[in-house]
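S.K.: As a plain string of letters, each chain reads:
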Amino acid sequence: MKPKHWANKPLSREAGHRVLQHFTRRHFIRESAMGLGALALGSILPGCLGKKEGNPLGMDFDPAHPMLPRAPHFPGRARSVIFIHMAGAPSQLELFSYKPELAKLDGQDCPPSLLEGKKFAFIRGVPKMLGPQAKFSQHGESGLWLSENLPHLSTVVDDMALLNAVTTDQFNHAPAQLLMQTGTPRQGRPSIGAWVTYGLGTENQNLPGFVVLTSGGNNPDAGKSVWGSGFLPSVYQGVQCRSAGDPVLFIKDPQGMDRDLRRASIDAINKINQQEYEEYKDPEILSRIAQYEMAYKMQISVPGVMDIADEPAYIHEMYGTEPGQSSFANNVLLARKLVEKGVRFIQLFDWGWDTHGDSAGNAVDVGLINKCRKVDKPITALLLDLKQRGLLDETLVVWGSEFGRTPMQENREGKQMPFKGRDHHAEAFSIWMAGGGIKGGLTYGETDEIGYSITSGKTEVYDIQATILNRLGFDHEKLTYPSQGREFRLTDLSGKVIHPILA
Amino acid sequence: MFHFFTQTLGRLHPLLVHLPIGILILAILFYFLSRRERFHSLQPAVSVSLLIGFFTALLSVITGYGLSLGGDYAASAVVKHQWAGIVTVILTGATWYLHHKKHTLELGGWVAMLTGLVLTGHWGGSLTHGEGYLAGMFSPASDSDKVYTPKPIPDIEEAVVYTDIIQPILEARCYSCHSSTKQKGKLRLDQPEFILKGGEEGKVLSPGNPEQSSLIERLFLQDKDEDHMPPIEKPQPGPQELALLHWWVKTGGSFTMKVKEGQKDEKVIPALAFLKEGKAGPDKMEESWLPIKNPSSADPKLIQSLIAKGWAIVALAQGMNHLSANAIGVDSLDKQSWDLLEKLAPQLVELRLGQCAVGDADMAQVAKLKNLHRLFLENTKVTDKGLALLQPLEHIRYLNLSRTQVTPAGIKTLKPFKELRYLYLYREGVNGKLWLENAGSIPLSAIDTGGYKVPTLASDTIELTEPIKN
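In order, the protein sequences belong to chains L and W. Quick note, in this note's numbering, the first sequence goes up one by one and the last residue is 1500. Quick note, in this note's numbering, the second sequence goes up one by one and the last residue is 477.
Keep in mind the hints are simulated off the structure, nothing from the lab. Just so it is clear, CB atoms sit at the ideal spot from N, CA and C, and this is done for glycine as well. There's no promise every hint is true.
[Unchecked claim] If you want the footprint, here are the derived chain L segments under chain W, 3+ residues with CB under 8 Å:
#: 1; stretch: 1178-1184
#: 2; stretch: 1308-1315
#: 3; stretch: 1396-1402
[To be verified] Only pairs whose alpha carbons sit at most 30 Å apart, straight line, appear in this in silico BS3-like list of lysine-lysine:
#: 4; chain 1: W; residue 1: Lys-342; chain 2: L; residue 2: Lys-1294
#: 5; chain 1: W; residue 1: Lys-342; chain 2: L; residue 2: Lys-1455
#: 6; chain 1: W; residue 1: Lys-241; chain 2: L; residue 2: Lys-1493
#: 7; chain 1: L; residue 1: Lys-1493; chain 2: W; residue 2: Lys-271
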């Protein structure tokens, strides 16, 4: 049997991965009675040892050091990603998508053509059209349209690529968030941060490669699956940190336990784990050992990096941060600090953008504006601060959500709502990207004159994911992992890189 | 019906034509062979094959007419092929008749039919494969003419963008389907007026708007996108060509503008530089800041030793030997580290020392890493003195000096850095203008002096409880 033959088959490739996960090179040499025989095995499992890809370092995926940096498919433009996810779905019609024609239709019945064959989360019967509840104007040299709700962001539009024709096929929060973050509306697949950390490792071995910070008083509706590792080794899942109090719960040693005792106990646990591993060869045990080691290092490194008190006053002024508080602004500043410290992927979730109009806090002309006021200044500060530190070039900032909102006013159960709100709209919404090899000052994709359907530049969720991976140096079709007998990838069977927005 | 005729039947033409060619040649062969005693038994086959050849030829002519109505081909180029085809059908019929009647002119009929067949086939081939396809067989040079090999343009600034740069690219990449012989999608690109006219889907050029010009946009589509141009089975334009085409439309798509009159962006500058020397440039534009030559691979032992000391060392991409080194996990930069790094100098193109306690003394060591293209010194204690030590690093393209002790006067020492394109200078309390005054003569496409403010607006701190009344 020719080795090339069976190296291509998914099952044997997966078996190869398992072999690789079971034995580190050290095990190979130490434990193999015929060291040379083992090396020969390595040469007939070419795909499995990762050397086939030609990485000169030959250290792709070593389960004992799963976080060591690894080379991408081609030189990337971005080195880290900050993905700002506004959980709940902000209204694109009050922020990014300028629709003067919709204002003229305000209060009129929605034409039946828009409702036929469509499903909405809450709209029933015939809703009324709702004109934009914000004024729009053009900004920057590029003349990008942005609403008055984002006065700060309006000053940096020349660094942003605004995607106004993103579409999804999910109109409920949890599945749509999962689709955006994991490439499928169901639970169980690795999140994009896990894929990226699996692909690239991370530069700072004292910090996690993938950090998650949440704000707005709630976790995203889809729960922690949106930063899960799925079938990837669990070491790649996002580490959720808090911006107030201890950044990670129980990070401090309990009273009466000093650092040496902690070290001794971790050594003892690792020793037992190592014995366990020797017996069962489960690679997850190696992951666990690596995680204990990282946790020990993080006890020192994390409190330092997660403390924003040492930032100068002008930075706090810029971001609008207050040390010790739990806020979106603090999370944004932390994201910048983490990027500086070599963390690969930072996910910020801010909850509370679900503006149905059932209360003032959920109205597009009250609650939405309040939410904007909390995020507009810090996000703008983030872009400018990254820029002046020379980091924006290699940090990809993505601002988005799981879907958008309808041009119709929501009429839950067919009744008039007390406040102005909009229902979930999967067909068209807006996302922007900046830095990390993205062209600034341009709008890509258009919707019809009321913002209901896409007329050009249709961008699927998979296209966003493919583009993020592309900027990091990956061909999204080739960043795969074998599971259940086949290769899986983030973009499943779809995904096109959005070339017009690449710098 | 018309659509069915042109689109479906018409498209069968290139397939069907091979039937009469084969069958008629076989008939000719049978005829001449059967004249000899030994092959006399072939006699009955002559008439049958000739008749079948006649009908397939007729079918070819009909479908061919349908294809010509589709409009992808110039009427002038089709006319010869078309009439030769019709004449061949008539000659085939006539030959059959003469053969059937055992007429004395029969031999002449066979010769005329063969001539018609050859000419029709040749002109048809020229339509599909381009003029001189067959001639290319005898002069291999003419084949490579179609590949884009730009001539050196020494005085690039004076060159006319369209005539000297764009037209040769269009000629190499587009003319085979969009010029005098063929007009796929009813589009011609060989004359300015045709480019402006567009094709069956309307205008292809929107001056100043490359994103709105299908002439440009379709070049950038994914390979597997069916609208991608040129068709994926044809040779594809390289990133330099794409950058030049994009720039031409962005600057207004003028047919008379000179290079010096157009505002240049970061992508077109290297493309123009390559053109000046008559090179097509590297395959991947994004790597263009890298030395084009891949260095020999580094000794893994050196890398392992540095990793053990807390360095993050990684190749820029799989299959590339260029290395990036990051000192982020390094406790102290000892002599051993510098010695190891020096041994990696041929491969080391990126060095990240920000977040790490380095000062002027270390710059003498950095200066030995001659292949560095990107150097990160942000947030370090480096002063003007240290910066002056970096003179040997002639390939520096990116230099991050934000929040260091370097002063505006100090950056004057950066003048000899010919390849410097990105410079970050932010330092709290130093006026941005001071930096720019001193950086004045450094050719930079991006210089950032920072000091940005995000003012707190009155509205930022107000929480609404009801809609704002206008």
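S.K.: Does each hint hold? Answer for all of them.
M.R.: Hints versus structure:
1. Counting residues of the stretch 1178-1184 of chain L whose C-beta lies closer than 8 Å to any C-beta of chain W gives 0; at least three are required, and the coverage claim is violated.
2. By the rule of at least three residues with a Cβ nearer than 8 Å to a Cβ of chain W, the coverage given for the stretch 1308-1315 of chain L holds, with 4 such residues.
3. Note: the stretch 1396-1402 of chain L has 0 residues with beta-carbon separation from chain W under 8 Å; the three-residue rule is not met and the coverage is violated.
4. Annotation: proposed proximity of Lys-342(W) to Lys-1294(L) holds, straight-line Cα distance about 25 Å (limit 30 Å).
5. Restraint check for Lys-342(W) and Lys-1455(L): not satisfied, since their Cα atoms lie roughly 55 Å apart, outside the 30 Å limit.
6. For the hint linking Lys-241(W) to Lys-1493(L), the alpha-carbon distance of about 21 Å falls within 30 Å, and the restraint holds.
7. As the CA atoms of Lys-1493(L) and Lys-271(W) are separated by approximately 29 Å, the hinted pair is consistent with the 30 Å bound.
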